[in-house]
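J.: Here the sequence shown stands for residues 1 to 907, numbered as in the UniProt record's numbering.
The set of hints was computed from the structure by calculation and includes no laboratory data.
Note that beta-carbon positions come from the ideal geometry of N, C-alpha and C, so glycine has one too.
Don't take every hint at face value.
[To be verified] For lysine-lysine, the following BS3-like pairs were computed, each having C-alpha atoms within a straight-line distance of at most 30 Å:
1) K224 to K499
2) K445 to K472
3) K489 to K465
[What the hints assert, rightly or not] Label pairs and their computed distance ranges (CB to CB):
4) V647 to T332: 46 to 56 Å
5) A515 to H219: 46 to 56 Å
6) Q677 to A789: 57 to 67 Å
7) A562 to T255: 49 to 59 Å
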Amino acid sequence: MRMPSIEEMSCEQSGKKEGAASLDSPSAPLPPLRHPSPTPVGVSADQPGQMEPMACQMTGAGGLSGPVLQSGTPALPSKLTFPNKPVIGGSSFLATESEIKQVSTHNYIPARVSANKNSVIGGGHTFLALESEINQVCTHKYIPTRISAEELAMEQIQQCFSQESSERAEHLRSIFIPLMPGRNGNQCQLNQRKDDGVCCGYSRLVGQSLHGTLVGLVHAMDNKLPISDECVSLMLSATETYFETCANNDVIQLTAGHRHQVYRVGVVSSTVNGDEDLIRQETFTVSNCTKACCLEIMRLIRFAHNCKSPLVEEHKKQIWKIFSSVNDQGGTMSLDEQRAEAVRRILDTTIIPGLMLTFLSEPPEKANGSTLVRMYLAARSCMAQGANGDRLDLRSNNEISKMCNALVRGMRHGLCSWINMKAIELQDDRIFSDYVQKMFAIVAKSPNTDFVCTLLRAARALQNKTPTQVHKAVDTSNGTVQVQTYEVKRSVWSRLIGKTIDVLREHMLPWFGNADVLNLFLDPRNALVFSTDPHFCKVTITMGFKTEEFKLANLITDFGSAPQHSFTTILVHIQIAMSYLSYGALRGTEIERIPKFDKFQFLLNRLTFQTSSEKGTNHGVVKNRMVTHIMSQTLSRITIVFYLVVVERLQKSVQIPSDEKLRELRNTSVAQLLNLQSTPGTKITRDIMATIANFLCPNLYAKLTVTDAMARQFHHTPRVHEMSYSSSQISVDTNGNNISQSITLATEWHSALGEPRHDSEVQHAETVYREPSSTDLNTVAAIAYSNPAASVTGVQNLSVRHVLSQNRHLIVKSGCGTGKSGVYILPLLYARSFGVRAKKFLVISPYNALLSQHVQQARPYALIWPLKISFKMSHSPQGSSGSSLPHVQSQHHVEMTLFGAVCFHPK
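The task is simple: from the sequences and hints, build the whole structure.
T.: Right, here's the structure in full:
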């Protein structure tokens with residue numbers, strides 16, 4: 001039906017009928033013309049093209065009554081009153097002008113009324129199950145499996161590990177699920193489907209149970225399995241040499257931008273801001289210790305070889321070609337020399353970095369399947385126990401995270417070396433930059449990168465969420481300490497140093513023919529002149545007015561035919577003394593980083609050394625300070641004799657055990673010293689020593705402070721006073737030396753662990769000479785002159801070094817204010833600051849006023865350092881031809897004596 005136009009529609013003007021629409025008066029002002037709605041009045045949207053009954057009555061066939069616009073189109077009435085449908089007040093919601101123009105075009109086709117009523121709301125695609133899936137689940141004998149898949153996985157994990165380990169393994173099950181035969185395997189057997197395995201190319205390694213598979217993989221990773229393949233042996237040797245010599249050097253040669261991109265490999269991109277990382281120095285940097293990375297990569301190579309992985313075959317062919325060429329050119333070289341030469345040539349190629357990148361970029365042969373790295377992670381997270389190695393346990397969260405970190409760091413080293421060597425090959429910078437970006441994209445998108453870093457983050461998250469299980473307690477009434485299940489009575493730990501000394505004496509004394517002279521060295525009451533040269537290291541014995549000297553080099557030794565056992569025992573107990581009995585305790589990894597003996601210092605009759613912890617170190621950013629550890633007096637003497645005599649004379653006759661063997665022997669010896677039934681690890685031992693410190697802490701380690709009321713008198717809170725204004729305790733020994741709080745507390749600590757007290761009887765002992773560095777001299781000058789910017793330079797620097805190192809006359813000619821007085825003051829302060837034997841100085845001044853100035857200048861130093869200053873002034877009458885020096889009585893340990901003037905005037 002055609003819709004009538006407005007001109008064809010009219011209403012009668014002759015009056016109002018009941019129920020008819022009421023029209024406005026012609027005299028009323030014209031309302032604004034409103035746009036009609038998209039759906040005309042009286043037209044139903046459900047039935048297009050058909051008229052509904054109008055709410056108003058039509059009268060006649062004329063136009064609408066009312067004023068007519070200039071165009072001839074009558075204006076719409078301003079109001080229409082619909083019967084029984086009152087207009088609800090509010091805003092008018094009208095269609096836009098663009099909509100009206102669009103639907104008013106000649107060729108417009110309405111779309112909404114003809115839209116498909118079955119279309120998806122919001123658009124998009126329809127995702128339907130495959131017809132084969134529907135047919136499969138509709139079979140008569142089909143057994144649903146997905147609903148019980150998680151339960152089956154948990155059952156297999158529980159069959160592998162203990163209850164505690166199973167709970168952690170459930171959180172890490174993503175690395176175990178691909179190794180489970182039940183993953184699609186049992187399900188496919190139940191529903192008569194064929195499947196080629198769950199581990200793609202490695203399906204032959206998957207057994208009938210997860211437990212059997214993991215046991216086989218753990219054994220394939222065993223470092224003790226012999227390697228009969230010459231190429232694999234060369235590959236392992238080249239990997240070890242690579243990390244020792246090349247890995248860090250290749251990192252240094254890369255730009256900061258490339259090192260930053262290497263650092264981002266494995267890092268979640270949403271948590272990384274490149275510019276901020278560079279500012280925070282969070283780029284890949286050299287490794288302080290590449291040993292962990294090296295061992296992890298070597299384990300992975302062994303694992304690949306034992307699993308017969310095809311990934312290493314091409315690299316083995318390249319290595320064999322190099323070894324064959326060396327063998328052909330070998331001539332008179334032995335087999336070991338040929339292998340060493342082959343390793344050197346291998347390192348000049350990209351074989352080792354390429355092998356690591358091959359492991360890292362290996363794609364799974366099947367969607368979401370396993371790779372060699374993923375299987376290695378599963379095996380490495382477990383450890384075999386029991387007599388036959390068939391009992392599994394899950395490694396600790398900390399061990400797993402460290403393993404993953406070492407693995408990904410080793411891979412990053414390989415990436416750096418590959419890029420560095422490709423730069424030599426490609427030459428052109430633009431081609432090289434494009435190649436590097438492609439390499440980063442390949443490595444970043446590799447699923448193996450995700451496997452390693454996901455496991456690393458999961459293990460760390462578990463470590464952070466796991467409540468601390470270490471129980472530490474101390475009985476304040478009797479001093480018994482308890483850490484987990486280990487209990488140590490005070491009667492035991494109070495003899496730790498004494499028992500250690502007994503063990504060391506038992507194995508060391510039989511080696512010395514003149515044991516009486518050895519005992520003189522070991523007695524801390526005898527003054528020791530320390531030097532790392534045994535010909536200058538000596539003890540001095542003062543008996544009345546007679547002084548005797550005994551040099552360390554004069555000790556007579558006879559080590560017998562088999563000194564290895566005693567040597568190892570002594571070495572282990574000296575490491576225990578350094579690690580746990582030297583005023584504090586070291587972490588497990590720090591024990592292996594104790595500095596060499598030539599870095600030790602001898603201060604106030606005690607050996608000291610410095611170490612720092614790597615805990616919290618992030619990509620080369622060190623956050624921990626160096627800590628000074630102080631050995632006891634008797635253990636210091638034994639350590640000196642051991643390193644300067646025993647090690648020096650036995651270095652070609654004995655072999656130092658490996659770090660792993662020494663760690664095992666230390667734990668066993670600690671158990672014997674503490675009377676423990678089982679062997680503790682380094683963590684438990686350190687916790688035991690920390691608990692002992694907690695028992696001693698209230699009396700020994702607190703600084704001096706004041707009461708709350710007294711603190712307020714200084715206009716700050718008691719907490720501020722305790723933190724910023726508390727005082728360390730110092731003491732003075734019988735020689736007049738100021739003893740710092742560290743030495744005092746170390747003495748109390750050693751005494752509490754069984755070291756006899758000798759402070760009142762110890763003779764003065766110092767280092768004979770220590771080469772001063774510029775930093776040392778500048779530090780002393782800054783304190784002496786109360787100026788942080790003070791330094792020792794020019795004539796003063798040359799003069800001070802001459803005074804410290806030589807016993808020869810020196811004439812210095814220098815102007816005023818150039819630091820001539822520092823020539824005799826600074827050597828004294830340096831000697832007292834660094835425990836070096838101090839020389840005595842005689843200062844002669846031509847004028848009493850100048851002498852007084854020197855005295856006033858020197859007196860403040862005696863308040864800081866243990867110096868004694870005496871002076872005598874001349875009172876000779878002026879005009880005399882001369883006067884002799886006044887008599888000065890000798891004083892005990894007078895370092896500097898200033899004499900009066902000797903005046904000569906013309907007659």
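J.: Against this structure, judge whether each hint is valid.
T.: Consistency of the hints with the structure:
Simply put, K224 and K499 have alpha-carbon atoms about 36 Å apart, too far for the 30 Å limit, and the pair is violated. For the suggested pair K445 and K472, the alpha carbons sit about 46 Å apart, so the restraint of at most 30 Å is broken. For the suggested pair K489 and K465, the alpha carbons sit about 33 Å apart, so the restraint of at most 30 Å is broken. The hinted window of 46 to 56 Å between V647 and T332 is violated, with their beta carbons roughly 36 Å apart.
A515 and H219 have their C-beta atoms about 52 Å apart, which keeps the hinted 46 to 56 Å range intact. Distance hint check for Q677 and A789: the Cβ-Cβ separation is about 60 Å, which falls inside the suggested range of 57 to 67 Å. Separated by about 56 Å at the C-beta atoms, A562 and T255 satisfy the suggested range of 49 to 59 Å.
Hints 1, 2, 3 and 4, counting from the list given before, are not met by this structure.
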